[in-house]
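There are 6 protein chains.
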Amino acid sequence: MRILVVNVNTCESITQAITRQAQSVAALGTEIIGLTPHFGAESIEGNFESYLAAVAVMQRVMAYDQPFDAVIQAGYGEHGREGLQELLEVPVVDITDAAASTAMFLGHAYSVVTSLDRTVPLIEDRLRLSGLWQRCASVRASGLAVLELEQDPERALQAILQQAEIAVREDKAEVICLGCGGMAGLAEQIRQRSGVPVVDGVTAAVTLAESLVRLGLSTSKVRTYAAPRAKAIVGWPAR
Amino acid sequence: MRILVVNVNTCESITQAITRQAQSVAALGTEIIGLTPHFGAESIEGNFESYLAAVAVMQRVMAYDQPFDAVIQAGYGEHGREGLQELLEVPVVDITDAAASTAMFLGHAYSVVTSLDRTVPLIEDRLRLSGLWQRCASVRASGLAVLELEQDPERALQAILQQAEIAVREDKAEVICLGCGGMAGLAEQIRQRSGVPVVDGVTAAVTLAESLVRLGLSTSKVRTYAAPRAKAIVGWPAR
Amino acid sequence: MRILVVNVNTCESITQAITRQAQSVAALGTEIIGLTPHFGAESIEGNFESYLAAVAVMQRVMAYDQPFDAVIQAGYGEHGREGLQELLEVPVVDITDAAASTAMFLGHAYSVVTSLDRTVPLIEDRLRLSGLWQRCASVRASGLAVLELEQDPERALQAILQQAEIAVREDKAEVICLGCGGMAGLAEQIRQRSGVPVVDGVTAAVTLAESLVRLGLSTSKVRTYAAPRAKAIVGWPAR
Amino acid sequence: MRILVVNVNTCESITQAITRQAQSVAALGTEIIGLTPHFGAESIEGNFESYLAAVAVMQRVMAYDQPFDAVIQAGYGEHGREGLQELLEVPVVDITDAAASTAMFLGHAYSVVTSLDRTVPLIEDRLRLSGLWQRCASVRASGLAVLELEQDPERALQAILQQAEIAVREDKAEVICLGCGGMAGLAEQIRQRSGVPVVDGVTAAVTLAESLVRLGLSTSKVRTYAAPRAKAIVGWPAR
Amino acid sequence: MRILVVNVNTCESITQAITRQAQSVAALGTEIIGLTPHFGAESIEGNFESYLAAVAVMQRVMAYDQPFDAVIQAGYGEHGREGLQELLEVPVVDITDAAASTAMFLGHAYSVVTSLDRTVPLIEDRLRLSGLWQRCASVRASGLAVLELEQDPERALQAILQQAEIAVREDKAEVICLGCGGMAGLAEQIRQRSGVPVVDGVTAAVTLAESLVRLGLSTSKVRTYAAPRAKAIVGWPAR
Amino acid sequence: MRILVVNVNTCESITQAITRQAQSVAALGTEIIGLTPHFGAESIEGNFESYLAAVAVMQRVMAYDQPFDAVIQAGYGEHGREGLQELLEVPVVDITDAAASTAMFLGHAYSVVTSLDRTVPLIEDRLRLSGLWQRCASVRASGLAVLELEQDPERALQAILQQAEIAVREDKAEVICLGCGGMAGLAEQIRQRSGVPVVDGVTAAVTLAESLVRLGLSTSKVRTYAAPRAKAIVGWPAR
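Residue numbers (the working numbering), protein chains in the order written: chain L, 1 to 239; chain A, 1 to 239; chain B, 1 to 239; chain V, 1 to 239; chain W, 1 to 239; chain D, 1 to 239.
Derived from the structure by calculation, the hints contain no laboratory data. Don't take each hint at face value.
When the alpha-carbon atoms are kept at most 30 Å apart in a straight line, the in silico BS3-like pairs for lysine-lysine are as follows [to be verified]:
id, chain 1, residue 1, chain 2, residue 2
1, B, K172, A, K172
2, W, K172, V, K231
3, W, K231, V, K221
4, D, K221, D, K231
5, B, K172, L, K172
6, B, K231, B, K221
7, W, K231, W, K221
8, L, K231, L, K221
9, V, K172, W, K231
10, L, K231, D, K221
11, D, K172, A, K172
12, A, K221, A, K231
13, B, K231, A, K231
14, W, K172, L, K172
15, V, K172, D, K221
16, D, K172, L, K172
17, V, K221, V, K231
18, V, K172, W, K172
Just some of the chain W residues that point at chain V, by a computed CB distance under 10 Å [unchecked claim]:
id, residue
19, S13
20, Q16
21, R20
22, L35
23, E82
24, L88
25, S101
26, S138
27, A141
28, A173
29, R191
30, P197
Note that the Cβ used here is the ideal one computed from N, Cα and C, for glycine as well.
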């Protein structure tokens, strides 16, 4: 089974971290292919960048010329998943949904800890649309930018842990989701220090994607995610 | 006052229709500039196309080199408004929100009549995020594609009217919103035949945008719609 | 175009302030007529007074013997708008709805700052019924009574600003609505000091009412707001 | 114990029917006093009439010059209860709330059958504000006006029964609330024919009011329903 | 009229306290029978214990061999009420619902003060399912276990009062519900000190159960609470 | 890895069917142990039976004397999962949640097709509490009892398919969940005939449970699902 894990940022080192993260839990026989978009922002921290990433991820996946069995969109709170679901026959898993959906099996309420405060409403809105919002206790910002999280793991750890502890104590979260691709690899340390289960979206998405493939399930094509209708499109290279 | 009215489709005749529609209600002294995206689908009827339009509209507005006072995104249920709000200092009005918001002043519940069934979930989701969903009685599809609506007004009229009447009778709608740019110019006929107020998103957006400008109000920049942070971006603006 | 702006309080000086406020943004050719109810409380700060005002406003408007094009009910969180909508053919705009609806075009969430804590639930309930509640971050009380706000603008400014800042910082509001007619004229100062857009309900209502008139739209008469049925009514002077 | 049962309509025969209805379940030692408002519409079927009734009921209760232990507002979906709660120290029970609250002890979902379609949104909105809406399967109109219901019990029975059966079969209601004072006395027949429990708001309100008095409970005065502040009021006869 | 009041805990002294509490408000002619489950935990403070209590209460009621007119399940936030409603023809009242439903007649919002923090989500979830959650301002834990509350009334009083005051001041509760059977007898003292109405679930349930019986109302049997179908059951002694 | 799959019914043939179903998707190295409760109803179709099953499942799992890595509760809409989560250190997956959660990755809305109409509210309520209700288009009853579904697969197929088609056409479901253990093995046929993805709760639960184990995640013990406190328990054999 081959799973594409697509970074939403154009920063290569995040792609590498995400890919390693995905590989660390992939089943025997699952091949993880990490992809970096051909265009867009080095890190996604807002709507403009996120919309650009939505298209860039679709473009990157369509440009991939080998067969594959599932796609993981590895951005937290980003746009675009629905477009991929229209374009593809194979299952598409967004890490925002994967983390929340997994967390809900582990506790009565979960919180997300993300990068900057400005990205909080994006994540909240995606969870609302995904129908995974009701049991979200809070989305909290660590205050660190995506690239800061990625480049300074020790500082990231402290900042995330601080918010995780507030989430557990004040917001009554029982599970923490790591809400940024740049946090790859910190889950175990945060679990040990916070005392609650910590869900990493990328690893959760890998096992979910594998599960869907094994169950023979893929996106419904009867309405919302039907393939795009044939029509004139200008300036879209991948079709 | 200069207001940009940006089509989401690359179909020029829709831009012309929307522009005329906007001009028909613009105040004395308001200049309406109709813009067509430089790339994207000729008509938007799904998520892939809508995400592409989101970026294309942002690109088109940023490429406009004259001063302007407000922007209207003239697509029903499309993505992208939040990105424009980050990129611009002037107010941004989406016709989906403009129509719903206006309809809520006119009746206890409103319905939207749109093009194809597959676009219904997009509109519902945008209204949910905009916080304008509670008083929406239904979103109904006329069954006609965007270009069919635009090219055959008589057939469009019949199909829209049929759904409007069901919306009033069964869904208890008291106001109808025309949920597609291709429906420009049909509001008055549908009002006369259905007996309820009919809101056209483009004209509603023009008066709302003018109002915001006159009131000296524009997008809040403290959090969600703060200007994008300075960072490396590949392949934007012109692709 | 003639727009009636009806105070809900019987305090004349508030009528004058509201009328000036309305005139300050009215379009060329719009005549603003300020009306004071013939009965009721000098200031409205609770349900008993608000219900009395509902009837008094209806009576006052029905007693007005000249033609008019729209009515603005200038009370924040008061009852009665639905009754006016039944009695009249022209559009009716409540400033509570006008402010919230306008704020939602400007930011992801808005807060209302009002007079006394006891009026907070009234405003919340009106916003709930209007379907404009979802994006309301909070309704906060300045702690000053309506007449105190009106009579001591400097103290009002400090008290409102304090709550506005808490709303932005803690409740994550991105826009502030001034939730009391007695706050007329403070918007600009609060915007400058708080750094977020500030919406005054009266001015927002004026441009909205003008917009509805220009668009040829008025209240739907098919169900909720149909004209009252002919029947025996005792003790209602205006019919 | 003395309980005031206040009709919202000025039609005396409804007051008499409601009073008899209330007496039929009152405990030994409970005195029921039926009151008719001094002004307002003979029957309430809309917002204008309902707001007028709100004030008329408050006026009528304040004009009652004997001691009493509780007040029942006997109108379905009408305004005004919150005002009475401010004005009085004794408990206030609205029959809309009493019926819904009682029905929720009897089945998983309930429906209301009322008079005319135009009153449906009023009832829905009152239930929404009362927090008793979630388990409401539907509010259905019999199509008969209040006075028709009161004057032609056999026709009323048929019309109500028809809607009750649709509510049970299609809306999955398990309990029916009779949503109009003019339906007094029909509950038992509708229960027998529909096979589900039928709640009459007036009788439910009597036992609830008696319960509150026996438990020594009355309206909280700390915030929403605090007594009106002392202030100048013009044209309100009862204070 | 005979009403069974069933403790959910196997602790006899709580049964005695609850029975006395119920008797203190029972009408003349109402006989209160307190029952203790034959199996289960001495105190219920979690889901495992609550599910066990659900079955134990059903077993205890079915083992009662005299006629009775209503059943009160005297556990706050416990499971099982729906099962009793299937098994019995007479009305069933859960004290969680009785308290909330009563509180909603007294104030705009209510809070519950319960025993341990771990029981808060159980109560919240039961109120959500009962449709009585919307006006709940908060569920707060006193931090004392059920048996501690029962055995040390003075300490209980202090701990409950502290949370009640926070609920009123910060959560804007206007009424307090005592959320634990072990709190029997403290309502009056807490009311005096907190200044808001305090609802005891057991006494509220008694008057509600009496009311339902007097009104001739019982559980609807058409769908959710229809009698269990005849079928083979292993190891259930009471049928 | 060893996963316990616990039937909620005491009918052995359903245990066998469920076990086979689970084994059909289990990963290499996963051992599936099917368990039948020691007491309870042969089939669960209501609250009384479901509460009994909740305790019986907990008892059965605690009586299992070998190590295991996860537990699947294989009843649709049944009570009890929260109790297991308190009692165990390993992850617990309920098939109701597993199916809904999986379906939400496949389409914009899903419907559940279950056995009898009386079980519909149980399933709806469980989905509400699980926070997986928002995207549920409908829960529909096939009209066949659990044992009928299990014993007559051809009739089951027809009845389920009929409801699945209505769900897709009228309720706008894009995915169907098979809402009864007795439907094991029908998913593929229903998918082929209905044209939408069909999720079987048991197989979905197996891959989810395996995923949680592989990710090293288990139930949070900080609040709702903390281990029961040490206390006297009468008549509970397993502790």
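Going down the list of hints, with the structure as the test:
1. Straight-line distance between C-alpha atoms of K172 (chain B) and K172 (chain A) comes to about 35 Å, which puts the hinted pair past the 30 Å bound.
2. Proposed proximity of K172 (chain W) and K231 (chain V) is supported: the alpha carbons are some 25 Å apart, at most 30 Å.
3. With a C-alpha separation of about 54 Å, the suggested pair K231 (chain W) and K221 (chain V) falls outside the 30 Å cut-off, and the hint is violated.
4. Of the pairs offered as hints, the one joining K221 (chain D) and K231 (chain D) holds, with about 18 Å between alpha carbons and a cut-off of 30 Å not exceeded.
5. A distance of roughly 20 Å separates the Cα atoms of K172 (chain B) and K172 (chain L); the hinted pair therefore holds under the 30 Å criterion.
6. Between K231 (chain B) and K221 (chain B) the alpha-carbon distance is near 18 Å, which keeps this suggested pair within the 30 Å criterion.
7. Between K231 (chain W) and K221 (chain W) the CA atoms are separated by roughly 18 Å; this keeps the pair inside 30 Å, and the hint holds.
8. Between K231 (chain L) and K221 (chain L), the direct Cα distance comes to roughly 18 Å. Compliance with the 30 Å bound is thereby established for this hinted pair.
9. Restraint check: the Cα-Cα separation between K172 (chain V) and K231 (chain W) comes to about 25 Å, which is no more than 30 Å; the hinted pair holds.
10. Taking the CA atoms of K231 (chain L) and K221 (chain D), the gap is about 54 Å. The hint is violated against a cut of 30 Å.
11. For a cut-off of 30 Å, the pair hint linking K172 (chain D) to K172 (chain A) stands: about 20 Å separates their Cα positions.
12. For the proposed pair K221 (chain A) and K231 (chain A), the alpha carbon gap of about 18 Å is at most 30 Å, so the pair holds.
13. With a CA separation close to 69 Å, the supplied pair K231 (chain B) and K231 (chain A) exceeds the 30 Å bound.
14. As the CA atoms of K172 (chain W) and K172 (chain L) are separated by approximately 20 Å, the hinted pair is consistent with the 30 Å bound.
15. Simply put, K172 (chain V) and K221 (chain D) have alpha-carbon atoms about 39 Å apart, too far for the 30 Å limit, and the pair is violated.
16. Proposed proximity of K172 (chain D) and K172 (chain L) is contradicted: the alpha carbons are some 35 Å apart, above 30 Å.
17. Of the supplied pair hints, the one linking K221 (chain V) and K231 (chain V) holds, its CA atoms being roughly 18 Å apart against a limit of 30 Å.
18. The straight-line distance between the Cα atoms of K172 (chain V) and K172 (chain W) is roughly 35 Å, outside the 30 Å bound, and the hint therefore fails.
19. Annotation: S13 (chain W) was flagged as interfacial toward chain V, and the flag is violated, the nearest CB pair being 24 Å apart, outside 10 Å.
20. With 10 Å as the threshold, the beta carbon of Q16 (chain W) stays out of range of chain V, its nearest partner Cβ sitting at about 21 Å, so the hint is violated.
21. Residue-level restraint check for R20 (chain W) is violated (minimum Cβ-Cβ distance to chain V is 16 Å; threshold 10 Å).
22. Evaluation of the L35 (chain W) hint against chain V yields a violated restraint, the C-beta minimum of about 20 Å exceeding 10 Å.
23. A least Cβ separation of about 8 Å between E82 (chain W) and chain V falls short of the 10 Å threshold, and the interface hint therefore holds.
24. Annotation: interface hint on L88 (chain W) violated; nearest CB of chain V at approximately 12 Å, more than 10 Å.
25. Taking 10 Å as the C-beta contact cut-off toward chain V, the hint placing S101 (chain W) at the interface holds, the least distance being around 5 Å.
26. The interface hint given for S138 (chain W) is broken, as the beta carbon of that residue sits about 15 Å from the closest beta carbon of chain V, more than 10 Å.
27. Because the closest C-beta pair between A141 (chain W) and chain V is about 22 Å apart, greater than 10 Å, the hint is violated.
28. Nearest Cβ of chain V to the Cβ of A173 (chain W): about 9 Å, under the 10 Å cut. The hint holds.
29. Hint on R191 (chain W) holds. Least Cβ distance to chain V is approximately 9 Å, under the 10 Å limit.
30. The closest approach between the C-beta of P197 (chain W) and any C-beta of chain V is roughly 5 Å, which is under the 10 Å cut-off, so the hint is satisfied.
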